[in-house]
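Asker: Each chain is listed here by its residues.
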Amino acid sequence: MSGPRNAEDRLRRLLVMLPWLMEVGEVPLADVARRYDLTEAQVQTDLELVAMCGLPPFVDEMVDVFVDEGMVYVGVPRLFTRPLRLTAPEGFTLLAAGRAAMELPGADPAGPLGRGLDKLAAALGERGLEEGADDTAGVVIDLARPAMTDELAEAATVGRELSISYYTPARDEFTDRVVVPRHVFVESGNWYVLADDGRSGERRTFRIDRVESARPTGGVVGVDDPVVVPDRFFVDAEVPRAVLRLAPAARWVVEQYPVDEVAELSDGWIEVRLPVSSERWLAKLLIRLGPDVVVVDPAARRVAADLARRVLARYSDT
Amino acid sequence: MVDRVERLTNLLALLLETTRPLSLIQIVGELPGQYPETEQARRASFERDKAALREIGVPIETEIVGGGPYAGQTVYHIDRRAYELADLELAPDEMRALQIAVAAVRTGSGAGQEAIWKLGGALGDERLAVSAVMPDRPELPVIRNAVSTRSTIEFSYRGATRRLDPWGLLLRGGFWYVIGHDHGRDEQRTFRVDRFDSTPEGIVVGEPGAYERPPSFDPRSAFPSDPKEIGHDAFEGIDALVHVDRLRAAAVERELGAGRVVRRDDDGIVVSVPASNLPALRSWVLGLLEHAVVLEPAAVRDDLMGWLSAVASSDEGAT
Numbered sequence: 001m002s003g004p005r006n007a008e009d010r011l012r013r014l015l016v017m018l019p020w021l022m023e024v025g026e027v028p029l030a031d032v033a034r035r036y037d038l039t040e041a042q043v044q045t046d047l048e049l050v051a052m053c054g055l056p057p058f059v060d061e062m063v064d065v066f067v068d069e070g071m072v073y074v075g076v077p078r079l080f081t082r083p084l085r086l087t088a089p090e091g092f093t094l095l096a097a098g099r100a101a102m103e104l105p106g107a108d109p110a111g112p113l114g115r116g117l118d119k120l121a122a123a124l125g126e127r128g129l130e131e132g133a134d135d136t137a138g139v140v141i142d143l144a145r146p147a148m149t150d151e152l153a154e155a156a157t158v159g160r161e162l163s164i165s166y167y168t169p170a171r172d173e174f175t176d177r178v179v180v181p182r183h184v185f186v187e188s189g190n191w192y193v194l195a196d197d198g199r200s201g202e203r204r205t206f207r208i209d210r211v212e213s214a215r216p217t218g219g220v221v222g223v224d225d226p227v228v229v230p231d232r233f234f235v236d237a238e239v240p241r242a243v244l245r246l247a248p249a250a251r252w253v254v255e256q257y258p259v260d261e262v263a264e265l266s267d268g269w270i271e272v273r274l275p276v277s278s279e280r281w282l283a284k285l286l287i288r289l290g291p292d293v294v295v296v297d298p299a300a301r302r303v304a305a306d307l308a309r310r311v312l313a314r315y316s317d318t
Numbered sequence: 001m002v003d004r005v006e007r008l009t010n011l012l013a014l015l016l017e018t019t020r021p022l023s024l025i026q027i028v029g030e031l032p033g034q035y036p037e038t039e040q041a042r043r044a045s046f047e048r049d050k051a052a053l054r055e056i057g058v059p060i061e062t063e064i065v066g067g068g069p070y071a072g073q074t075v076y077h078i079d080r081r082a083y084e085l086a087d088l089e090l091a092p093d094e095m096r097a098l099q100i101a102v103a104a105v106r107t108g109s110g111a112g113q114e115a116i117w118k119l120g121g122a123l124g125d126e127r128l129a130v131s132a133v134m135p136d137r138p139e140l141p142v143i144r145n146a147v148s149t150r151s152t153i154e155f156s157y158r159g160a161t162r163r164l165d166p167w168g169l170l171l172r173g174g175f176w177y178v179i180g181h182d183h184g185r186d187e188q189r190t191f192r193v194d195r196f197d198s199t200p201e202g203i204v205v206g207e208p209g210a211y212e213r214p215p216s217f218d219p220r221s222a223f224p225s226d227p228k229e230i231g232h233d234a235f236e237g238i239d240a241l242v243h244v245d246r247l248r249a250a251a252v253e254r255e256l257g258a259g260r261v262v263r264r265d266d267d268g269i270v271v272s273v274p275a276s277n278l279p280a281l282r283s284w285v286l287g288l289l290e291h292a293v294v295l296e297p298a299a300v301r302d303d304l305m306g307w308l309s310a311v312a313s314s315d316e317g318a319t
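Protein chains in written order, with our numbering: chain B, 1 to 318; chain W, 1 to 319.
Next up, chain B with everything else stripped away, as it sits in the complex (with noise of 0.2 angstroms):
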């Protein structure tokens, strides 16, 4: 745990953490620090600050804290009983994930969550809208899931075992694993699982999209630790890479893929530098971009024009 230690930084925390001390009046300063995300020491600091701080003729009466012995003391609050409101920043965030949230398997609109949200809007103020008119309409998430993304998060919470039929692109084939889903996640509208794959032994992460079928094996495994979600994409350095030239119109490979470089040439080209799961995905990619594509590799150009013929070939027999 580390605070930032900017001044704006540090006030902008003491305006979040003195209402709530005035509100429970008596806390163990490693409670707060943890609250907060700082350490003890940061946490006691500041509050030593702001029990300084004060106005003539009232100096060092204005916030009435002390720390002691790993306890932390608010006293009469005076000033900063209140949060400051949110920032536009905060407010939509606050309002977008909590809509977000509601997309996600589980979610229920009338339960919590949709009862929080109705109060949050109209604190912000949904103005501008026709009587009756659905107040969401202004800010839509729509996350639309595969068909097993239910199940999968189902046992997910659990720890329920399953034995999944997966669709590798890759290889053209599928496997059966059995699997245990841990966390399922949606990132740039894929939906994934995070699971413990029986056949290799590790944590694996998953397209929902190409489970083809999943069955209960009747076991249960139950729930570990807290699960570490992959941050981004998932990309190995030891990855070969490729180097392609792409028109403007095939631009779209940089926002759908992860690249490691990108340098503008004329004409509104680019040159990509992007790592290759496969060779039969490249493959697929030169396919799909036609004559939006230069490629630099010789062998590239070669996979991609064979698996072309052969899909070709699949006209002349249909």
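These aren't lab readings, by the way, just hints derived from the structure by calculation. In this text the structure is predicted, and so the values were computed from the model without any measurement. Any given hint could turn out to be false.
Claimed, not checked - Over the 12 angstroms line for every Cβ pair with chain B, so calculated as not near, a few chain W residues:
(1) 42
(2) 106
(3) 191
As the list claims (entries may be wrong) - Pulled a few chain W residues facing chain B out of the computed Cβ check, cut under 8 angstroms:
(4) 4
(5) 52
(6) 58
(7) 60
(8) 64
(9) 83
(10) 88
(11) 91
(12) 120
(13) 170
(14) 283
(15) 290
(16) 314
Even for Gly, the Cβ is constructed at its ideal location relative to N, Cα and C.
Since chain B is already given, all that's left is putting chain W on it; use the hints.
Answerer: Below, chain W without anything else, positioned relative to chain B:
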């Protein structure tokens, strides 16, 4: 010189407590020894403090004194009602639900956690089975405010200035979109927020109540989820028949829905998909590689075959 946090706290307290707006000279008089001696350094320090307080969301109001011996001077104060967060009267289960929502939806900014702290909560060690990654864009709060006050916005997008009556914001497929009525084109348009050239400060927000949103507007349907349906050429309204083999049939049926399946045979299924956006259709069919073949219309089938032939011959001359 005192610690800057102490000076900021004292300035904040002074402006909250004062019964009348104060000039810089009066502020310095109330906070002896806290600001530099020389006028220029004092003004610079005060401006920096004022900016810092505003940055963390403190609404500092300024007025110019109209008459009397201090006419023309700027005076400052904070309206306590504007400063303090209104009590949302959240029930404990509602507070907890919001905490879980913020813990489950990761944005890459600390704004959600800051909001929870202000509401009197904290993020603990929630054990979450499900989470989402939500892209964070600095333009969003500005656009959302414009949506809720029905204000026209003006911004630069791919080098051109647009005037838009923003009807709503939509997050789909990992991107934020704003949908509304484009004044220049005089029709409904969709813009990707991360492609704005304008900085958040560069978005010009007009007067509130400038337009009416269509009563039945829903961003979800205003913007087709399936890019294959965003029509713009000769195949508008026409569907293509695509054969999908057994290996990928089940996944495609799940993706499109059983309603799109025209017939089934031992080799797989035939699905009907919109051909109005040919590039999108092409990309989708090619993504299935040898597992999908366009049957008709002939023009679309020919297009795919021509495309594939070009790629197939692209290694000629390569070593």
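Asker: For every hint, state whether the structure bears it out.
Answerer: Do the hints match the structure? See the list:
1. For residue 42 of chain W, the shortest C-beta to C-beta distance to chain B comes to about 18 angstroms, beyond the 12 angstroms cut-off, and the non-interface label holds.
2. At roughly 8 angstroms from the closest C-beta of chain B, the C-beta of residue 106 of chain W falls inside 12 angstroms, breaking its exclusion from the interface.
3. Every C-beta of chain B lies more than 12 angstroms from that of residue 191 of chain W, the closest at about 15 angstroms, which supports listing it as non-interface.
4. Contact between residue 4 of chain W and chain B, as hinted, is supported at the beta carbon level, the nearest pair being about 4 angstroms apart and thus within 8 angstroms.
5. Checking residue 52 of chain W against chain B: minimum C-beta separation of about 5 angstroms stays under 8 angstroms; hint holds.
6. A distance limit of 8 angstroms between C-beta atoms decides the matter here; for residue 58 of chain W the minimum to chain B is near 7 angstroms, and the interface restraint holds.
7. About 12 angstroms separates the beta-carbon of residue 60 of chain W from the nearest beta-carbon of chain B, more than 8 angstroms, and the hint is not met.
8. Hint status for residue 64 of chain W relative to chain B: violated, with the closest Cβ pair at about 25 angstroms, above 8 angstroms.
9. Hint status for residue 83 of chain W: holds, given a least beta-carbon distance of 6 angstroms to chain B, under 8 angstroms.
10. Hint status for residue 88 of chain W relative to chain B: holds, with the closest Cβ pair at about 5 angstroms, below 8 angstroms.
11. Among the interface hints, the one on residue 91 of chain W holds; its C-beta lies about 7 angstroms from the nearest C-beta in chain B, closer than the 8 angstroms criterion.
12. Restraint check, residue 120 of chain W versus chain B: the minimum CB separation of about 6 angstroms is within 8 angstroms; hint holds.
13. Hint on residue 170 of chain W holds. Least Cβ distance to chain B is approximately 5 angstroms, under the 8 angstroms limit.
14. A hinted interface residue such as residue 283 of chain W counts as satisfied when its beta carbon comes closer than 8 angstroms to some beta carbon of chain B; here the least separation is about 5 angstroms, so the hint holds.
15. For residue 290 of chain W, the suggested interface contact is upheld, since its CB lies about 5 angstroms from the closest CB of chain B, less than 8 angstroms.
16. Annotation: interface hint on residue 314 of chain W holds; nearest CB of chain B at approximately 5 angstroms, less than 8 angstroms.
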